[in-house]
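Just remember that my numbering sits 171 ahead of the position in the sequence shown, which is counted from 1.
If you are wondering where the hints come from, they were derived from the structure by calculation, not from laboratory data. All of these numbers come straight from a predicted model, not from anything done at the bench. Honestly, I wouldn't trust all of these hints.
What follows is a set of in silico ranges between Cβ atoms, one per label pair, in the way DEER data are often shown [said to hold, decoys possible]:
1) S238 x S201: 19 to 27 Å
2) K173 x S227: 45 to 53 Å
3) W230 x K173: 30 to 38 Å
4) S238 x K173: 40 to 48 Å
5) F194 x I259: 37 to 45 Å
6) F194 x T256: 22 to 30 Å
7) I175 x V228: 29 to 37 Å
8) A177 x G257: 28 to 36 Å
Beta carbons are placed, not taken as given, at the ideal position from N, Cα and C, and that holds for glycine.
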Amino acid sequence: MKSIPALLIASVSGVLVLLGIFFPNPLFLSIKSVLFSIVMLLGSFAMIIAIINLISVHWNKIFSNPSQSFYSVILLASFLCMLFTGLIF
Numbered sequence: 172m173k174s175i176p177a178l179l180i181a182s183v184s185g186v187l188v189l190l191g192i193f194f195p196n197p198l199f200l201s202i203k204s205v206l207f208s209i210v211m212l213l214g215s216f217a218m219i220i221a222i223i224n225l226i227s228v229h230w231n232k233i234f235s236n237p238s239q240s241f242y243s244v245i246l247l248a249s250f251l252c253m254l255f256t257g258l259i260f
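Go ahead and model the full structure; you've got the sequences and the hints to work with.
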């Protein structure tokens, strides 16, 4: 029962975005723009939460069992290299 409102919101949003793409009148375009902005904001927060979770899980794994944390060290080092490369370029 809890998933029915989420399903309705997702379906209506998807139909409105498709209408904005296929029928470019000002009403549908403005609705599409607002929905895209909301999706970008939610996606950004989800990505930040996922990155924090990734770092915390592997950081704890490194310090809880140092003998078996080789891959966690490589993952965190690779993530930091990717992050700094992305910030520089």
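Status of the hints after comparison with the structure:
no.	hint	result
1	S238 x S201: 19 to 27 Å	58 Å, violated
2	K173 x S227: 45 to 53 Å	28 Å, violated
3	W230 x K173: 30 to 38 Å	34 Å, holds
4	S238 x K173: 40 to 48 Å	43 Å, holds
5	F194 x I259: 37 to 45 Å	43 Å, holds
6	F194 x T256: 22 to 30 Å	42 Å, violated
7	I175 x V228: 29 to 37 Å	33 Å, holds
8	A177 x G257: 28 to 36 Å	33 Å, holds
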